[in-house]
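Novice: Please work from the sequences and hints to get the whole structure.
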Amino acid sequence: MQSVIRELYEVVLQRRENRQEGSYTAYLFDKGLDKILKKCGEECAEVLIAAKNGLQEETVGEICDLCYHLLVLMAEQDIPLDKVEEELCRRREKIGNLKKMHETDRLS
Numbered sequence: 001m002q003s004v005i006r007e008l009y010e011v012v013l014q015r016r017e018n019r020q021e022g023s024y025t026a027y028l029f030d031k032g033l034d035k036i037l038k039k040c041g042e043e044c045a046e047v048l049i050a051a052k053n054g055l056q057e058e059t060v061g062e063i064c065d066l067c068y069h070l071l072v073l074m075a076e077q078d079i080p081l082d083k084v085e086e087e088l089c090r091r092r093e094k095i096g097n098l099k100k101m102h103e104t105d106r107l108s
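FYI, my numbering numbers position 20 of the sequence shown as 20, with every residue one higher than the one before it.
If you are wondering where the hints come from, they were derived from the structure by calculation, not from laboratory data.
Hints should not be assumed to be uniformly reliable.
The calculated DSSO-like cross-link candidates involving lysine-lysine, where the alpha carbons are at most 30 angstroms apart (straight line), are [unchecked claim]:
(1) Lys-83 with Lys-94
(2) Lys-83 with Lys-38
(3) Lys-31 with Lys-83
(4) Lys-35 with Lys-52
Specialist: Encoded structure:
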């Protein structure tokens, strides 16, 4: 069974290739990287605000919005979902102390 994230990413890729009039996804691709990045930033802020306010249902909705916009960004940058999944798997297997992980984060 295919994951909903993968299904959504496939739709995003289709919209990039075949831009349907009235499609919000096509609109984002037409506007370009700056618009996509702006939306990612806005959605991230909305997740933080909803979480800070303890609004679980709203937080879930905002997380979904952020995930969608990140998928659009990935498509815009030609980043395959498989590459992100591989990196997440690699990180899941990482064993180390928190301090060392923070040092690695600063160097990246």
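Novice: Decide, hint by hint, whether the structure agrees.
Specialist: Each hint, compared with the structure:
Pair hint Lys-83 plus Lys-94 holds up; C-alpha atoms about 17 angstroms apart against a cutoff of 30 angstroms. Between the alpha carbons of Lys-83 and Lys-38 the distance comes to roughly 23 angstroms, so the proposed pair stays at or under 30 angstroms and holds. Taking the CA atoms of Lys-31 and Lys-83, the gap is near 25 angstroms; set against the 30 angstroms cutoff, the hint holds. Proposed proximity of Lys-35 and Lys-52 is supported: the alpha carbons are some 26 angstroms apart, at most 30 angstroms.
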